[in-house]
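Given only the sequences and the hints, what does the whole structure look like? Please build it.
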Amino acid sequence: MACLVRSWIPLLFLQSFLVAIAFGSNEGEEFSEELLLKPLPDRKVLAHFHFENRAPPSNSHGRNHHLFPKAISQLVQKFRVKEMELSFTQGRWNHEHWGGFDPLSSMNAKPVGVELWAVFDVPQSQVDISWKNLTHALSGLFCASINFLESSTSYAAPTWGFGTNSDKLRYGSLPREAVCTENLTPWLKLLPCRDKDGISALMNRPSVYRGFYHSQRLHLSTVESGQEGLGSGIVLEQTLTVVIQPETTSVETNMQPSWSLSSLFGRKVVGSCVLAKSSNVYLQLEGRLGHESKNVDTEIEAHKLWMNSDFDLSLKPDRVIRESSSLLFIFDIDKSSDSEPFDLGLTWKLPSKWSCEQAPLHASRFLMGSGNERGAIAILLKATESQEKLSGRNLTTDGRCTIKANIFQIFPWYIKVYYHTLQIFVDQQQKTDSEVLKKINVSPSTDKVSSGMLEMMLELPCEVKSAAISIEYDKGFLHIDEYPPDANQGFDIPSALISFPSHHASLDFQEELSKSPLLSSFKEKSLVRSYTEVLLVPLTTPDFSMPYNVITITCTIFALYFGSLLNVLRRRIGEEERFLKSQGKKRGGLKQLLSRLTAKIRGRPIEAPSSESPAAESSFLSSKLIFKIILVAGAAAAWQYFSTDK
Amino acid sequence: MASEKRDKEEEEVKTDDGSPKIKPRPIVQLGIFLVAHSPVFSVVFSAAGVLALLILPLLAKNTYISENALMPGSARSMLSNRDVSDGSKLVKDIKNYWLNHEGQVQKLIGKYMSDMGAEVYYQKFHPEGNQFHPLHFFSGPDSYTLLDNVSCASYGVNVAGIIRAPRGDGKESIVLVTPYDFINGGDYEALSLGITSTLFSLLARVTWLSKDIIWLVTDSRYGDYRPVAAWLTEYHSPSFKVSDLLKCGELNTADTFRRAGTVAAALVLKVDGRSERFEDTLSIYAEASNGQMPNLDLINVVNYLAVHRQGFYVKVEKVVSLLSSSWLKIIGEIFEAVGKLARTLNPDWNFGIPAADYLEGSATLASSLYSQALGIPTGPHGAFRDYQVDAITLKISPRFPPDSKTRQHDFFLRGARLLEGTIRSVNNLLEKFHQSFFLYLLTSPSKFISVGVYMIAFALLVAPLPMVAASLYIEGCKALTKSTDNPTENLKSWKWLDAAKQVFALHLLGFIVTLLPYFICQVPGQHSPRNRSIMWGTTSSSLLLITFAIIPGCSPFSSRHHGTNWAVLKSVTISAAFIGLCLMSIINFATAEIGALLLVPTCLMAQPIKPALRSRRIKSLLGAFCSMVLLTIGFPVMFFAISKGLFGEAVVGLSLGGEFWTWLESLWAWKSATYLYIGMVHLPCWLLCLCILFHPS
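In order, the protein sequence lines correspond to chains A and B. The working numbering applies: residue 1 is where the first sequence begins, and numbers increase by one. The working numbering applies: residue 1 is where the second sequence begins, and numbers increase by one.
Derived from the structure by calculation, the hints contain no laboratory data. Don't take each hint at face value.
Claimed, not checked - Below, in silico cross-link-like pairs of lysine-lysine (DSS-like), each with a Cα-Cα straight-line distance of 27 Å or less:
| no. | chain 1 | residue 1 | chain 2 | residue 2 |
| --- | --- | --- | --- | --- |
| 1 | B | K107 | B | K89 |
| 2 | A | K465 | B | K241 |
| 3 | B | K111 | A | K349 |
| 4 | A | K465 | A | K335 |
What the hints assert, rightly or not - Example chain B residues on the side facing chain A (calculated, C-beta under 7 Å, incomplete):
| no. | residue |
| --- | --- |
| 5 | Q104 |
| 6 | K107 |
| 7 | K111 |
| 8 | K171 |
| 9 | T262 |
As the list claims (entries may be wrong) - Some chain A residues flagged as far from chain B (calculated, every beta-carbon gap over 12 Å):
| no. | residue |
| --- | --- |
| 10 | E29 |
| 11 | D42 |
| 12 | V45 |
| 13 | Q74 |
| 14 | V243 |
| 15 | K353 |
| 16 | F366 |
| 17 | T432 |
| 18 | H479 |
| 19 | T541 |
| 20 | Y548 |
| 21 | L597 |
The beta-carbon is built from N, C-alpha and C at its ideal position, and this holds for glycine as well.
Here it is as structure tokens:
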């Protein structure tokens with residue numbers, strides 16, 4: 001018995017220890033789900049899902065996660081990823097109507113297709129290897145062809161133009177990647193409640209993909225604990241931004257459409273994800289400051305904010321926060337249940353108009369020139385209305401007001417850019433490089449080995465109306481097996497990134513907030529950035545049935561060449577002549593005999609056989625030839641006749 | 001070398017001995033045979049070439065949709081009455097505008113576009129014409145230089161609206177063009193705006209778009225072509241320099257010129273005139289500059305949808321005068337009879353077509369050949385071809401008068417459905433048009449002749465040229481060897497040098513004559529085309545005389561000792577013509593084909609007139625007469641007059657020069673390679689034939 005007890009004690013001890021470890025390790029793991037809804041000026045509604053999963057620093061030995069997805073933590077551990085962002089986007093962000101100067105757009109307006117960047121915590125020599133492995137791992141994880149970024153021709157190592165200054169940063173994008181539900185499902189798998197419960201239950205696939213823009217993003221960063229022996233914590237941020245057009249029945253065109261969650265997504269929220277620490281829904285209304293008083297202390301005034309002459313909210317917000325230019329209604333969905341689902345609705349009563357804040361300069365990019373030989377890429381920066389209002393101007397030493405703009409652009413190697421042809425026009429005046437170009441970093445491409453990269457920092461005067469940058473290129477020739485399956489579509493040049501290093505977007509909340517990850521990320525200053533369009537360059541494409549023709553022609557030429565060569569090598573002209581002569585003599589002998597006979601009969605001298613005229617000979621020969629040709633042609637015609645008759 | 005020589009000597013010795021000759025290779029034998037019988041073969045080949053051209057309508061194949069992704073007509077039209085009423089409202093508003101004269105039409109159209117949800121902008125452009133510059137002849141469409149002293153007096157304004165594909169990536173776009181005269185627009189023109197507006201209203205709310213749609217309303221006050229070209233220039237090669245044009249006018253065009261990616265295809269829609277037939281008529285125009293054609297699939301899609309879905313009567317341009325020509329009718333009947341005979345022999349041989357079809361087909365083919373040979377685009381779609389964009393012009397003639405309200409609704413619905421289907425097909429396309437033919441001739445909207453077939457006629461026509469050149473060279477060499485006993489001149493391989501000098505000199509002259517109009521245009525003062533043509537003619541002929549005077553061998557009037565042997569001269573001339581025609585066939589096939597029809601008989605028939613007159617034999621006299629007739633027809637001005645006469649406009653006297661000048665001016669203004677062909681191939685060869693004709697031998 002004693003023995004039994006003695007054997008039990010360590011077991012119990014071990015068990016309690018294990019439990020302690022288990023609870024201790026996930027003590028700090030937090031998950032929160034949030035949804036931000038925002039009506040847009042062009043009668044659309046933006047829905048921004050934000051999920052944050054935090055794994056605090058812990059001992060790396062025996063790591064066991066409770067909430068945090070294991071796949072991601074293994075990824076981070078294996079490839080020593082310091083920071084990484086992966087985005088899948090379909091559709092274009094409309095900078096004019098949906099805003100370009102708020103944290104939401106500067107973080108979530110992504111280029112079409114897949115974009116991936118990562119910073120590694122490995123020695124410089126291993127960064128590329130880590131990147132290649134990471135692309136393959138992500139490719140499997142997200143059912144996308146991210147592994148195409150493995151090739152050194154498709155990624156680049158930006159130094160300062162990307163915004164993050166690190167020499168261990170790699171950046172790549174796949175503009176042609178089609179984004180669909182097969183990418184969303186693995187992304188949802190990383191959430192503790194998947195799309196079964198909580199806010200993510202709203203993600204009805206048809207309504208998400210019916211939208212005008214959707215971008216799913218995965219951002220992870222490691223947090224160094226600072227303690228010896230303790231690993232690093234990971235913050236995983238998953239966002240999905242969707243722009244949806246609510247269906248309206250009203251004919252009036254200047255009236256904003258009314259909507260509710262169920263009309264937008266076809267689903268309602270029934271309770272929060274039980275594993276989430278907080279689950280909130282926010283409604284942001286922009287440009288609604290004209291008719292509100294300064295403080296919203298009293299109950300009536302707060303009530304006025306959400307049920308006034310302009311619009312009605314179907315639910316009472318838990319809190320109302322005002323920002324410098326917008327109102328934020330906060331709803332807690334914990335209270336909702338099956339019997340009383342959370343179905344937020346917004347009903348407009350009066351026509352309302354507002355505009356979004358825009359980035360200081362609106363960037364567009366296009367191709368110039370025609371033909372299959374050369375062309376030029378132009379980036380046009382146009383001043384927006386909100387430029388004057390912006391505060392982020394810096395005065396240089398001589399007191400000029402300037403706007404800084406960083407341009408980061410990757411060129412595939414088949415776009416052979418001539419960097420010396422860089423021309424900059426400011427307000428339709430050509431400027432020399434030294435006037436406006438503050439910094440430039442060029443890494444030329446190598447054929448079939450690496451892509452080219454251009455980073456430049458422009459310093460434009462504040463009163464600039466437009467600026468244009470053009471750079472010429474030659475179109476390269478690809479080897480036949482380097483063409484993608486749909487080569488005749490053309491080739492993509494990935495989006496350029498325009499960022500404004502002296503401008504930072506942030507929402508300036510007037511009151512202290514509870515610890516909402518979404519709002520705190522909005523409160524942080526984020527770099528204002530915008531991506532340009534993807535360009536399509538038509539390159540010369542071969543006729544892909546050409547290899548067959550080439551093979552046929554080459555074989556013919558080979559046959560002719562080798563035939564004649566062998567003929568020359570084999571033939572001995574002297575021998576042949578001798579042979580012919582002997583033959584001729586033989587035949588000649590017979591002929592001579594005949595002619596002698598005839599001569600004797602006729603009684604005339606012998607005629608020389610050479611008197612036969614060569615012309616007659618040739619005509620005789622050619623008539624034989626014609627006969628042969630006719631014979632062959634006749635045979636061919638007969639063959640044709642009989643073969644087609646069936 | 002030495003051994004070879006010895007071998008040759010031995011060979012010769014042997015042949016002299018009477019021992020059997022060594023058989024030459026069969027291919028060489030065949031060559032020798034062809035050269036030896038070149039007169040027969042040249043007649044046979046030339047006749048076969050003409051015959052092959054005549055039977056082309058019989059060989060035309062039915063068109064088919066080659067690219068599977070196009071899937072025309074497979075989607076149900078989504079056009080609703082609401083869209084049609086949008087279009088009708090625009091037409092009504094435009095009509096009201098003409099009655100009340102309030103505001104600007106451009107603004108009105110722009111407002112409609114932006115109400116539908118499009119991004120609208122206005123583009124100002126200069127209506128300046130194309131300037132001839134010899135050095136820019138083959139250069140691509142370049143950024144037109146903006147002059148500093150532009151006057152605001154005349155400028156055009158294009159309106160463009162862009163619908164962004166909701167889920168598209170904005171890499172590609174489809175352009176719809178409707179020319180409209182903003183100052184005195186007609187009722188029919190307004191209908192084209194109505195159709196496009198109907199369509200645009202639909203496209204603004206559909207979700208299947210993957211390419212952006214640009215609707216461009218061009219200012220057709222300055223022609224159809226120029227505004228489209230100006231817009232395309234701004235689209236593809238804008239000038240970032242300051243432009244004075246922006247300051248002109250009250251229309252606020254300071255807003256940005258917007259773009260929407262690489263243009264995948266373009267459709268130009270025009271409505272004009274009443275249809276003569278019972279149905280609404282749709283004419284398709286496809287020829288762009290220098291005989292370039294859009295991909296056949298684009299025409300196929302439009303034709304398929306128009307015929308099988310919307311019930312339009314589709315036609316392509318044809319030479320009407322050929323329809324009533326009796327000789328063509330007889331040929332058609334002969335072919336019909338031959339076809340019937342062949343079918344009785346074998347039911348599978350059904351190549352025969354009715355004579356009426358043959359007549360239609362050849363009239364269309366002639367028009368197709370002519371438009372391609374001229375090298376001038378047949379509509380605003382030509383401007384797109386310069387940027388490798390497939391484009392066609394659709395000209396719809398409704399069967400009702402423009403003010404008929406009841407018919408208008410149906411017309412808009414059908415027109416917009418046709419465009420919707422076409423745009424949907426192009427929208428489906430993942431790659432750009434590449435599956436179907438680019439080199440073809442049309443014999444009807446649904447029948448075509450591909451390059452592989454029509455090449456045969458040309459190949460047969462030019463085949464005798466090298467044969468005759470070779471035989472004449474051999475003949476000429478023999479004659480020269482006989483005439484000169486000087487061993488130094490017996491160097492066999494250099495006998496063509498004198499003739500080549502002459503040919504080169506005349507080609508150089510042709511080149512200078514080609515460039516002359518540019519300098520004549522630079523002459524200050526206003527001159528009528530007639531005066532300019534006289535200036536051109538006199539300068540050219542004086543230059544010709546100077547050439548004859550300076551280079552002694554050149555002149556046909558020089559003494560016999562200086563002159564080269566005419567056979568060698570003809571041989572080199574024919575070689576030059578052959579090279580010129582072959583080069584031209586690569587640049588513009590139709591020009592080469594028509595050029596070969598003129599040049600080949602002229603070159604083959606050319607022979608000195610003096611010996612023929614001296615001999616007084618009927619055969620040689622007939623030959624001389626034929627060559628003279630051919631030479632007269634072959635003179636470019638003469639041929640121009642004859643072809644004018646064929647088209648029913650008789651021009652005589654000095655006004656002909658003016659007409660000819662205007663015609664040539666249009667050729668060079670459109671950068672047509674035909675102009676270069678006339679100046680640098682046809683004219684020198686014609687002059688050389690003239691030299692041979694008056695050769696003093």
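- Task: Hey, is D42 (chain A) genuinely clear of chain B, shortest beta carbon separation above 12 Å?
- Result: 8 Å, violated
- Item | H479 (chain A) remote from chain B - nearest C-beta pair above 12 Å | Holds, because the least Cβ-Cβ distance between H479 (chain A) and chain B comes to about 19 Å, which exceeds 12 Å.
- Have a go at the K107 (chain B) hint: is there a Cβ in chain A nearer than 7 Å to its own Cβ? 19 Å, violated
- Item | Interface exclusion of L597 (chain A) relative to chain B, criterion Cβ beyond 12 Å | Nearest chain B Cβ is 19 Å from L597 (chain A), so the label holds.
- Can the restraint linking K111 (chain B) and K349 (chain A) be considered satisfied, given a maximum Cα separation of 27 Å? Judged against 27 Å, a Cα distance of about 26 Å means the pair holds.
- Item | Closest CB of chain B to the CB of Q74 (chain A) still more than 12 Å away | 33 Å, holds
- Quick one: work out the minimum CB distance from E29 (chain A) to chain B and report holds if it exceeds 12 Å, violated otherwise. 37 Å, holds
- Query: Close enough to count: is the Cβ of T262 (chain B) nearer than 7 Å to one in chain A?
  - Reply: 5 Å, holds
- Outside-interface status for Y548 (chain A) - nearest CB in chain B farther than 12 Å: 16 Å, holds
- Does the claim that T432 (chain A) lies off the interface hold, with its Cβ farther than 12 Å from every Cβ of chain B? About 15 Å separates T432 (chain A) from the closest Cβ of chain B, which puts it past 12 Å; holds.
- Query: Is the Cβ of V45 (chain A) more than 12 Å away from each Cβ in chain B?
  - Reply: Per Cβ check, V45 (chain A) is outside 12 Å of chain B; nearest 14 Å; holds.
- Message: The output says F366 (chain A) does not contact chain B. Does that hold with a beta carbon cutoff of 12 Å?
- Response: Violated, because the least Cβ-Cβ distance between F366 (chain A) and chain B comes to about 5 Å, which does not exceed 12 Å.
Of the hints listed earlier, those the structure fails to meet are numbers 4, 5, 6, 7, 11, 14, 16, 19, in rising order.
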